[in-house]
Amino acid sequence: MRPPRVVLAKPGLDGHDRGIKVIAMALRDAGAEVIYLGLRRTAAEIVQAAVDDDADVIGVSVLSGAHRPLVQQLLDERTSRGVGELPVVVGGTIPTQDAAELRQLGVAAVVPVGTDLDDAVSIILGVAGERRR
Amino acid sequence: MTAESGSGERSTTPDGVDLRTDAGLLVAPVYTSSDLGGGLDALEARLGVPGEPPFTRGPYPSMYRGKLWTMRQFAGFGSPEDANARFRFLLERGQTALSVAFDLPTQLGYDSSHSVARPEVGRVGVAIDTAEDMVDLFRGLELKEISVNLTINATAPIILATYLVAAERQGADHASLTGTLQNDIIKEFLARKTFIFPPQPSIRLAADVIEFCAHHLPRFNPISVTGYHAREAGCDAVHELALTMASAITYADALVARGVEFDTFAPRLSFHFATTLDLFEEVAKLRAARRLWYSIATERFGAKDERSGRLRFFSGNSGTTLTAQQPLNNIIRSTLQCLGAVLGGAQSIHVMGYDEAFEIPSEEAVTLSLRTQQIIAYESGVTRTTDPLGGSFFVESLTDELEARARAVLAEIDREGGVVPALERGIPQRWIAESAYRAEREIASGHRKKVGVNLYADAEETTERSSVFALDQGIVDRQIARTASRVASRDRVANGKALRALERATRAGENVMPPLIDAARAGSTLGEMSDVFRELFGEFREPDPW
Numbered sequence: 001m002r003p004p005r006v007v008l009a010k011p012g013l014d015g016h017d018r019g020i021k022v023i024a025m026a027l028r029d030a031g032a033e034v035i036y037l038g039l040r041r042t043a044a045e046i047v048q049a050a051v052d053d054d055a056d057v058i059g060v061s062v063l064s065g066a067h068r069p070l071v072q073q074l075l076d077e078r079t080s081r082g083v084g085e086l087p088v089v090v091g092g093t094i095p096t097q098d099a100a101e102l103r104q105l106g107v108a109a110v111v112p113v114g115t116d117l118d119d120a121v122s123i124i125l126g127v128a129g130e131r132r133r
Numbered sequence: 001m002t003a004e005s006g007s008g009e010r011s012t013t014p015d016g017v018d019l020r021t022d023a024g025l026l027v028a029p030v031y032t033s034s035d036l037g038g039g040l041d042a043l044e045a046r047l048g049v050p051g052e053p054p055f056t057r058g059p060y061p062s063m064y065r066g067k068l069w070t071m072r073q074f075a076g077f078g079s080p081e082d083a084n085a086r087f088r089f090l091l092e093r094g095q096t097a098l099s100v101a102f103d104l105p106t107q108l109g110y111d112s113s114h115s116v117a118r119p120e121v122g123r124v125g126v127a128i129d130t131a132e133d134m135v136d137l138f139r140g141l142e143l144k145e146i147s148v149n150l151t152i153n154a155t156a157p158i159i160l161a162t163y164l165v166a167a168e169r170q171g172a173d174h175a176s177l178t179g180t181l182q183n184d185i186i187k188e189f190l191a192r193k194t195f196i197f198p199p200q201p202s203i204r205l206a207a208d209v210i211e212f213c214a215h216h217l218p219r220f221n222p223i224s225v226t227g228y229h230a231r232e233a234g235c236d237a238v239h240e241l242a243l244t245m246a247s248a249i250t251y252a253d254a255l256v257a258r259g260v261e262f263d264t265f266a267p268r269l270s271f272h273f274a275t276t277l278d279l280f281e282e283v284a285k286l287r288a289a290r291r292l293w294y295s296i297a298t299e300r301f302g303a304k305d306e307r308s309g310r311l312r313f314f315s316g317n318s319g320t321t322l323t324a325q326q327p328l329n330n331i332i333r334s335t336l337q338c339l340g341a342v343l344g345g346a347q348s349i350h351v352m353g354y355d356e357a358f359e360i361p362s363e364e365a366v367t368l369s370l371r372t373q374q375i376i377a378y379e380s381g382v383t384r385t386t387d388p389l390g391g392s393f394f395v396e397s398l399t400d401e402l403e404a405r406a407r408a409v410l411a412e413i414d415r416e417g418g419v420v421p422a423l424e425r426g427i428p429q430r431w432i433a434e435s436a437y438r439a440e441r442e443i444a445s446g447h448r449k450k451v452g453v454n455l456y457a458d459a460e461e462t463t464e465r466s467s468v469f470a471l472d473q474g475i476v477d478r479q480i481a482r483t484a485s486r487v488a489s490r491d492r493v494a495n496g497k498a499l500r501a502l503e504r505a506t507r508a509g510e511n512v513m514p515p516l517i518d519a520a521r522a523g524s525t526l527g528e529m530s531d532v533f534r535e536l537f538g539e540f541r542e543p544d545p546w
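Protein chains in written order, with the working numbering: chain A, 1 to 133; chain B, 1 to 546.
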């Protein structure tokens, strides 16, 4: 069985990429294949990459406070591309009430700032594993 | 001297305190005069006296006895009126200057009505579409009197133009204005990441601003050359110093290459560093920065005016040292960071809000940040004398070591052809990302201690936080409608003419500031002015991070 495959990206205009790069490196060290798309990616670009690369999970990170509209765009794109089952994990500065709302919208997991690095990796790989089962 | 440890040396105390500094220097049990290279006489030559070359001990002779640092909390969100209210809130509580945060669309040259702008309008700063927004932002605040820091980079020339129009409306001469335009695009490529155009035209725009200000805004700092963001993105104090100096050299080279005399612009260059929790290393870094810049100004650029080599800086402290867990602990962390900036001789300081790890600081948090500065200034007594740690065997040894290491990294950057060729190949970005990863790994393994995270953590505490900051969602529609009505009522012919003049000057390699000011006066939007540059320069795409 091939290793879990994760597509990571920064949607929107926010440039804070320290966290997502750290997560990318930690996922690699944990044996995952990581495709990091970089900054200012549109929902269409992210979903397209995940489909093309047959990803097991999409991870996005937002630290500008714009997570709700940006994640909504991503989930809508996922639905319209017919890959509604492709799980999405969201990281960044996500307040509790918003995290609950994001999960209700269909986000598989939220990894807010302050999450232990190893916990973040196991959450993301756990979500990828669910999908692969 | 501070030495690298061999593999067998112990690097933590029995209590688990790391004996290495944040930059990895192994600290000795005690320091004596034998740790000073060349003895006391050589040390005195390296130090000089405060206010004199090489400025190790401070840029001014009397330092805080003459004038306290400027207390400048970075602020702004929502509409110009929302941000104006936060400014007044801070000024009423004793803040002595303003520092404006702009929203991401403004930083990236999109009007609020642009499709990619909508989710981000007013979130991390204030939304500015036209010079009229700038007029509203500073309504009732005398720009002649108040020093204003504008944290803007890719669109810095445009924002400066709108700011000058706002000042004109208040009857303030351009020449009377004091403050700082961040205008350091190199660190955007390195770390902060709100770049638009490729490096070369971006540096040309930054140089246009510096040259324009040298002639027309003699009291204004046209750039704040910044190591802070690279540090916050993950690098250590040594790389922070080297990247800052390499950036300053790049701008100075660009100006000298177009025939501008170094001494005409260098005295107004200003700098920006982080101050993290490693107190003595940070103080040493700030002292080393002054000595390094003096040596670069005189040796590389042949400065004749002493002020050209006199480094002045703003400290932004460090948000990444703060934790989402046990957030009140961040007040103590910020106090230590502010103290480090003061002992390092800062000219202006921002103290992070204790809630900044997870939200836009609340009014309570920004007030505490300001109070932290005021308590250090008025109660601690550390301001009574200049460079109080000067002459400390330990701090001097650290200062020498950091300077030497920064010079070595600077030489490495020079071998790459300078910071721009290096970043185009992704080299410093990799330094930054790799050391960020190392730091996070060390926190996860417990080697790097964080109280409330991997030490004395609360078993019940979750990382989830509720936010008290809620952006009024109506602001986006109101901002878009307001700009639309302003665009509809402007003189269309005059606006078209101004934008064409901007396009022509940009293409001809002339200074963009005069036509930008005309365009801002004519009511051109930030998006329209940015699009002129976008079409001529194209947009930058980052190199692959690995």
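Bear in mind the hints are in silico, worked out from the structure with no lab data behind them. Be aware that one or more of the hints could be misleading.
Said to hold, decoys possible - The following residues of chain B were derived to be distant from chain A, with all beta-carbon distances above 12 Å:
no., residue
1, L36
2, A172
3, F195
4, I427
5, I432
6, A508
Claimed, not checked - Here are the simulated EDC-like pairs of lysine to aspartate or glutamate, each with C-alpha atoms no more than 16 Å apart in a straight line:
no., chain 1, residue 1, chain 2, residue 2
7, B, K450, A, E77
8, B, K304, B, E359
9, B, K449, A, E85
10, B, K450, B, E81
11, B, K67, B, D263
12, B, K450, B, D35
What the hints assert, rightly or not - Examples of chain A residues lying across from chain B (beta carbon under 8 Å, computed):
no., residue
13, G15
14, E77
15, T79
16, L117
From a predicted model like this one, the values you see are computed outputs, not experimental measurements. Beta carbons are placed, not taken as given, at the ideal position from N, Cα and C, and that holds for glycine.
Verification of the supplied hints:
| no. | hint | verdict |
| --- | --- | --- |
| 1 | L36 | holds (37 Å) |
| 2 | A172 | holds (32 Å) |
| 3 | F195 | violated (8 Å) |
| 4 | I427 | holds (15 Å) |
| 5 | I432 | violated (8 Å) |
| 6 | A508 | holds (31 Å) |
| 7 | B:K450 to A:E77 | violated (40 Å) |
| 8 | B:K304 to B:E359 | violated (47 Å) |
| 9 | B:K449 to A:E85 | violated (40 Å) |
| 10 | B:K450 to B:E81 | violated (39 Å) |
| 11 | B:K67 to B:D263 | violated (25 Å) |
| 12 | B:K450 to B:D35 | violated (31 Å) |
| 13 | G15 | holds (3 Å) |
| 14 | E77 | violated (14 Å) |
| 15 | T79 | violated (18 Å) |
| 16 | L117 | holds (4 Å) |
Hint compliance for this structure: hints 3, 5, 7, 8, 9, 10, 11, 12, 14 and 15 are broken, all remaining hints hold.
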